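Build the full structure now, drawing on both the sequences and the hints.
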Amino acid sequence: MAFTTRKVFQVGDEVEVCSKQDGFHGSYYEGIVIENSGDKYKVKYKNLVEEDDMSTALEELAEVDEVRPVCPKVWPDFFPGERVDAFANDGWWAGIITRKSGDDWFVYFPSTFEHIAYPKKHIRLHLESRRNGWVSRNGRVFSCQGKPLSCQKRLSIVMGGSSSTSVKARLV
Numbered sequence: 082m083a084f085t086t087r088k089v090f091q092v093g094d095e096v097e098v099c100s101k102q103d104g105f106h107g108s109y110y111e112g113i114v115i116e117n118s119g120d121k122y123k124v125k126y127k128n129l130v131e132e133d134d135m136s137t138a139l140e141e142l143a144e145v146d147e148v149r150p151v152c153p154k155v156w157p158d159f160f161p162g163e164r165v166d167a168f169a170n171d172g173w174w175a176g177i178i179t180r181k182s183g184d185d186w187f188v189y190f191p192s193t194f195e196h197i198a199y200p201k202k203h204i205r206l207h208l209e210s211r212r213n214g215w216v217s218r219n220g221r222v223f224s225c226q227g228k229p230l231s232c233q234k235r236l237s238i239v240m241g242g243s244s245s246t247s248v249k250a251r252l253v
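Taking our numbering, the leading residue of the sequence shown gets 82, the next gets one more, and so forth.
Note that these hints are calculated values from the structure, not bench results.
What follows is a list of derived Cβ distance ranges for each label pair:
hint, residue 1, residue 2, range
1, Thr137, Phe187, 32 to 38 Å
2, Ala169, Asp146, 23 to 29 Å
3, Asn117, Asn219, 32 to 38 Å
All figures in this text were calculated on a predicted structure; none of them were measured in a lab.
Beta carbons: idealized from backbone N, C-alpha and C, even for Gly.
And the structure:
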């Protein structure tokens, strides 16, 4: 299955915008596309507000490569070392599960060296957007709705020939 990260969004589509600003690099913020100019999107944020008017949702231009579909909320049984996103400070921040204590999961953030406890409802599996779905760090593929996808075919490696370096592969 070929994946690309490029997707064209229409006005009204729900998206996430990746911040590239210092101190916010790699965090994602939910919003709605309110304008598509081809090379940029104007996004109205769900949780961010104007600095001078806290009752008005922030609107700003985002580069095409900063915008992706809203990540599905996938809540598996997390394990230490698993890459996740934690919802904090109005956005999703990438971190790593370190342990569970009671109902909380502890997440370590390498960018800030912080170690913070979150309830499971504020954590999701970290996924990368692809045209046909989402991919986790360990290669698990999910549909746009967050359901695991499985491949019906398996790859069979057949060793043969006169050379020990000769390898043939076929789908079975």
